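K.L.:
Listed below are the residues making up each chain.
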Amino acid sequence: MDVDSSQQRMAAYMRDHQDKVVGRWSELVVAGLRGRSSVAEVRRELEDLHSLVVRAMSGADEQAAGELTAVLTELSGSRARNGFTPRETALGVFALKDAVFELVADAADLAPEYLAFSRMIDDLGLLTFETYAAAREQIIADQATAMLELSTPVIRLWDGVIAVPLVGALDSARTQLVMEKLLETLVATGADHAVLDITGVSTVDTEVAQHLLKTVSAARLLGAECIVSGIRPQVAQTIVSLGIEFGDIATKATLADALAHVLNRRGQRIGQQRPGQQRTEPQKPGPA
Amino acid sequence: MDRVPILKIGTTLFVSIQIDLQDESVVRLQEDLADELAATGARGVIIDITAVEIVDSFIGRMLAMIGSISRLFDAETVLVGMRPAVAITLTELGLSLRGVRTALNAEKGLELLNGRA
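The listed protein sequences correspond, in order, to chains A and B. Counting along the first sequence from 1, when you hit position 32 you're at 47 in our numbering, and nothing is skipped either side. Counting along the second sequence from 1, when you hit position 19 you're at 55 in our numbering, and nothing is skipped either side.
One or more of the hints may lead you astray.
[Said to hold, decoys possible] When the alpha-carbon atoms are kept at most 25 angstroms apart in a straight line, the in silico PhoX-like pairs for lysine-lysine are as follows:
| id | chain 1 | residue 1 | chain 2 | residue 2 |
| --- | --- | --- | --- | --- |
| 1 | A | K229 | A | K196 |
| 2 | A | K229 | B | K144 |
| 3 | B | K44 | B | K144 |
| 4 | A | K35 | A | K112 |
| 5 | A | K196 | B | K144 |
It should be emphasised that the hints constitute simulated quantities derived from the structure, not laboratory data. This one's a predicted model, so the numbers in the text were calculated from it and none came from an experiment.
Same shape as in the complex, but just chain B:
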C-alpha cells in the first residue's frame, strides 16, 4: 500500500498527495498525521491535492475529518490545489468541507496560515 509522506517545514506539516487515493491510504494518512501533529506540535497542515483527479464521498469525508482532528491539536488545515472537476464533484455530492480552509495553490495556503499568526 502506498503511503503519503508528511513533510515538516517550520511549524507547518506539508502533505502532497501524488497517488491515486485509495480508502486505506487515506485512513493511513489520517493516522500518520495525527501522530505527527502530536509529536511536532505543528500549527498548520497543508494538504496539496493538485495531482488528485478523483475524490469520492468517502475521501471527501476523510479530508473533512483530518481538518477536525487537526483542530484538536490547535492546528489549522488548508486544502490546496483542488481541480475544478473535483470541486464540481464534491459540490454535487453535497460535501462543502466546512471546517477545512481552502486555497488555490500551496503558496496561497501558506500565506493563509502565516496570516493567522
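Bound-form chain A, shown alone:
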C-alpha cells in the first residue's frame, strides 16, 4: 500500500468527519491556550487549516501544500509576536493528531492511513516551530537595532561643543555607529570639540579603550578635539592596571569638568554674577 493512496483515504475520512475533528481539535487547542483565545476564534482558524490539510493530503490540489505552508507560517509568526510559548504554538498543530486519533482509535482498519497522516502532521509541526523561532529571532534583531538607535544620542553641549553620552557595553558595532554619528554631527554643526562621556559604560577593558582611541583619532582627522569624561574610580584603576595609555587625550572625571576644560581652552568662561553687577554684554547662549 503506497503512501499517496492512504493519504487520500485519510483525507476522505477527515472530510467526512470534519465537524467532529475540528470540534475536538478546537477544544484541545483552547484548553492548551488557557483562555487566551475564545473557542469561536480558534474554531474559525482551525476550520481553514483543516480544509487546507485535507486538500493537501488528497493530492488533487497542487497549490494546497504551498497555501498550507503560508497559512501556518503566518499563524505561528503571529503567535510568536504575541508572546505565546513555543509549546502553545506547536500544540495548535499537534492537537490535530490527537483529535483524529481519538476518532480513528475505534476504526482499527485505518492504522496505516493514520501513520501517513501522523508523519505529515509532524512535518507541519516542525515547520511551525521553525517559523516560531525565526519570528522570535527577528524580534530580537529588531530590538537590538532599536537599542542601538536609542543608545547613541549626540547632544549639543555648548556653541561648538558636542557630547556623546555612552551607555552600556561598547562593542565594535556600537563604536562604528557612535563614530559615524559623532563625525556627521561634527561636520553638520561645525563643532570643534567633542566630549565622550563614559559614565554609563559598564566595563572598560583594552577593547573598549581601543574603540575610544579610534573614535578620538577619527575626530582629530576632521579637525576636532576630543575629551573623555566620566571616568569612575574603579574604571581608572582598571585602566591603569591594564596598562592602557590614553596618550595626549584629555580625560576628566565628570562631564562638567570636561565642559569647563573646553571652555577654558576656547578662552570662554562662565562665572557667577555678583549682586548689583550689570551685564555689560550679551552672554554666549547656554545649553538649550
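Fit chain B to the given chain A structure using the hints.
P.N.:
Same frame as chain A, but now just chain B:
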C-alpha cells in the same frame, strides 16, 4: 593626467582637490607643492579634500609626507574638509596623519594658520 592647481593667497598656498585622486596625481601634487613652497616662501598650506570620497593608504601616506615636506620650508599644513567616511577609513587603516593639522573647513583652517603667527 589631471593636475591639481595650487593657488597662492597672501602667504598661504591653497590646494583644493576636486578630482578622484590617482596615485600619480598625488605624487605630482607633492612635487608641484615643493616647487611652489621654495619659490614663494609661503608660511602655510591648506589642502581642501571636501570633494574627495576615497582616500587609500598610499594617498594617506602622501598627504602626511606633504606635511613633512612643508615643515622643511617652515610652512604648516592644514588638511580641511575631510568627510566622516574618509576619517573612519583612515583610522581603520591606522593612519592618524600625525604632523598634519586638521580643521573642519577651509575657514577654520585659515584661522588656525593665522592664529599661529
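K.L.:
Which of the listed hints are broken here?
P.N.:
No numbers; nothing is violated.
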